[in-house]
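**Student:** In case you want the letters, here they are:
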Amino acid sequence: MDRVLNNTELRDEEFLINMGPQHPSTHGVLRLVLKMEGEFIRDLVPHVGYLHRSIEKIAENRTYNQFMPYTDRIDYCASMPSNQAWAVAIEKLAGIEVPEKAEYLRVIMTELNRIASHLIYLGVMSLDLGAVTPFLYTFREREWILDLFEMTCGQRLTYHYIRIGGVSRDIPPEFGKSLKAFVADFRKKLDDYEAILTENPIFLGRTKNVGVLPLDVAKDCGASGPTIRGSNFAWDIRKAEPYSVYPKLNFTIPTGKVGDVWDRYIVRIQEMRQSCNLAEQALDGLPESDVIRAKLPAVLKPPAGEVFSRIEAPRGEMGYYVVSTGDKKPYRVKIRTASYGNLQVLAPISIGWKIGDLVAIFGSLDVILPEVDR
Amino acid sequence: MLELDKALLAIYAGLKTWFISSGIPVIWLDLLVMIFAGIVLIAVLALTALFLVWWERKISAHIQDRLGPMRTGPHGVLQTLADGLKLLQKEDIIPSKADRKVFFWAPVIAFVAAFMAYIVIPFGKGLMARDLNIGIVYVLAITTFTVISLLMAGWASNNKYALLGGMRSAAQIVSYEVPLTLSVLGAVMLAGTMSLNEIVEAQGPYFWRWYWLPQLLGFAIYFVAATAEVNRTPFDLPEAEQELVAGFNVEYSGMKFAMFFLAEFVNMFTVSAVATTLFLGGWQPPIPGLAFIPSWVWFLSKTLFLVFVLMWFRWTYPRLRVDQLMDFAWKFLLPLAFINIFLTGLGVYIFK
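The listed protein sequences correspond, in order, to chains A and B. Letter by letter, the first sequence follows residues 1 to 374 of the working numbering. Letter by letter, the second sequence follows residues 1001 to 1352 of the working numbering.
Wrong hints could be hidden among the right ones.
[What the hints assert, rightly or not] Subject to a maximum C-alpha distance of 25 Å in a straight line, what follows is the list of computed PhoX-like cross-link-like pairs (lysine-lysine):
id, chain 1, residue 1, chain 2, residue 2
1, A, Lys-295, A, Lys-328
2, A, Lys-92, A, Lys-328
3, A, Lys-354, B, Lys-1160
4, A, Lys-35, B, Lys-1097
5, B, Lys-1331, A, Lys-208
6, A, Lys-189, B, Lys-1331
The set of hints was computed from the structure by calculation and includes no laboratory data.
So that you can see chain A by itself, here it is in the shape it has in the complex (with noise of 0.2 Å):
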C-alpha cells in the first residue's frame, strides 16, 4: 500500500479539454478551451470567428437595399428582427416615414419571430440537459410559425420581408385566422411545456442557483435581452427606446430574480406570452389600408452623416452603426449583435462549476454562432 501510495507517478492534475468547434451541445462551431480538474471547470477560454463571413465588410460594397438579405443571414434564428434593425437604422439616416399598416405588420412578424426563435432555444436548452422529447415538440410549434411566414412572404428561414420604408408584401386574407387559432393552441402548449419542465426536480435541480449571473458582470459585459432581464433588470429596447407602434401596445417586461439558469429560463416562457399578446394587439390594431410601403427613390442615397439605431432581437440588442458619405453604398457598417455581449458572459459564471452545468449555462444564453461571428 505504502509503495502505492508514495509512487510518483500516480498524481493527480489539470487537463485542457477542447469542447468544439465540433461538439453537440456548443449551437454551433463554438470552441471552448476548458482547464479540467476532473468534472469541474478552472479556467474557460471561448474561441470565436469559425463562422465569420466579413458581413460588415460586405456591406460597403453593397447599396443599401442590396445589404437586406444579408442581414437575414446574422442571425438565421430570427430573420426578421434582423431585417428590422437594418431598416431601421438606413430610416432614421435617410429620414424615412414609414407607413402605419407596415410597422403593424413589422410587429407581427418579428414577435412571431420571436417566439419560434425562443422555441429553439427552449428545445435545445432541455436537450443540452438530456431532456429530448421537448425539442421535437417546441419545433412541431415552430412549424406552424414558419408556415405563417412562408403564407406571408414565401420563406421558411431568410425572409427578406421587412424592407426600408415599410414591408415586401401585405398579409394574405387567411393569415389573421390563422394567427389567431396559432395563438390560441399556443398558450395551451407552452403550458404543457411547463408541465414538463418548469416544475420537474431534475430539471428545477440542474437549474436553480446554476451560473448565477450577477447583474454587475452582465452590465460590464454588455449583455442584453433575457440574459441581462433573467438578472432582475428591466431592460428592454422596445421600453426603453420606443420604436415602431410598440408604445400603442400594451405588454410587460418580464424579470427573474437571481439571474439563474432557471430565471432565463422563465423569462423566456414568460415572453413568449407576451409575443402571444402583442401579435394578438398588433393584429387586432391592422390600420385598413393599401399602403405598406413608402416612396421611395430609385437609388436610395442618404445624406451624409452616421446613425446608430437598435431594436429589441429575441436575444437582446441588435444595433447597426451606418456612416454614410452620401453615396448608394455605405462608407462603414458596424453591427451590434446581442449574442456577442451574451457570450462574454459565459467565462465568468461557469468557471467552478461542472462540465455538466457548463452546457446547461451556454444553453441558457442562447447564443448563436452566426451572431457571434458575423
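The hints should help you fit chain B onto chain A, whose structure is shown.
**Tutor:** The following block gives chain B in isolation, referenced to the frame of chain A:
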C-alpha cells in the same frame, strides 16, 4: 397455446430413453442439452435486443409525436437489422494511440457479461438454463462486469471525453450497486432462498401475494438503482451526449460499437427480468384461472412492461448532474434500503 416447458421435458425424456437403449452415457446428452440451451439463449437474446432497439425507436417516436422508422418492413420492424448490417460493413477504426488489446476486449466483455446473466433467469416454468442455488448473487456479480468493460473502453480509447465517461460510469455503477443489492435482499428474506426459480415459486399465482406489495419500497429502490445500473436517463451520465459527445464509446465504430449498443439493451432487459422475477411473480400468472396461458408469455409481458417504463423515463426526464447522482445514491437510496431491510426483517420475525 404451446406448452413449451412440457414439450421440452417430453423431448428430453424421449432422448434419454433412446440414449440409454443405444448404450451412450447420459452425460453426453446433458452436455448436448447445455450447448443447445446456450445457443437458444444467445439467439433469443440477440433477437430480443434487435426488437428492443426497434421498440425504443418506436416508443420515442410516438412520445415525440413522430412515426419513427416506417420504411424497412411493416412499421420499420427490419430497421435494426438494416442498421446492424450497415454497422457490420463499416470500417473498424482503432485510434493510433489507443491501447489496442484493451480496446479490442472492452466491447467483448460488455457483450459476454450482458449475456451470461441469462443463465439463471427463469423465462418460464422450468425454462432456465441452470438453476443455481445462489442465482441472485450470480446475477448481481455478472451484471457488475459491465463497469469493467466501460472503464476499459474509456481508458483504452486515449480520449479525454471517453476517459471522463468511463470514470463517471465506474463511479455511478459502483455506487448504485450498493442500494441495488440491499433492495434485492428484502425479496430474498421473504422467500428464504437465493435461487431465482424458488423465489418465483414462493410468490405463487396470486398477484397480491407477489413481493411488489410487501416490498414496495424495495421494488422502488431496485428499479431506480437498476435504471442507474444500465445508464438510462435520468442517469445516463456516462454517455451524456451533450456533455461528453458520446462518453466511453466515442472512439468506437462499426461492430464494436454495435456490441456496446446491443449490450446496453440486453442489460436493460436483464434488470427488468430480475425485477419481474423478484417482485412481479416471474412466470406466475396473476390469478390461478389464467394459468392456461403459457408461463413464458407472462414472464415476457411483465418484463417488457418494465422495459417500456425504462424507455418512458428516458424520453421524459432530463439528466441529473454527477454530484446530484452520487448524493441520490448515498444519501437517499442507501438509507432507504437499510430501512427496508429492517422493516422486512421485522415483518418476517412477526408474521412467520
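**Student:** List, from low to high, the hint numbers that the structure doesn't satisfy.
**Tutor:** 6
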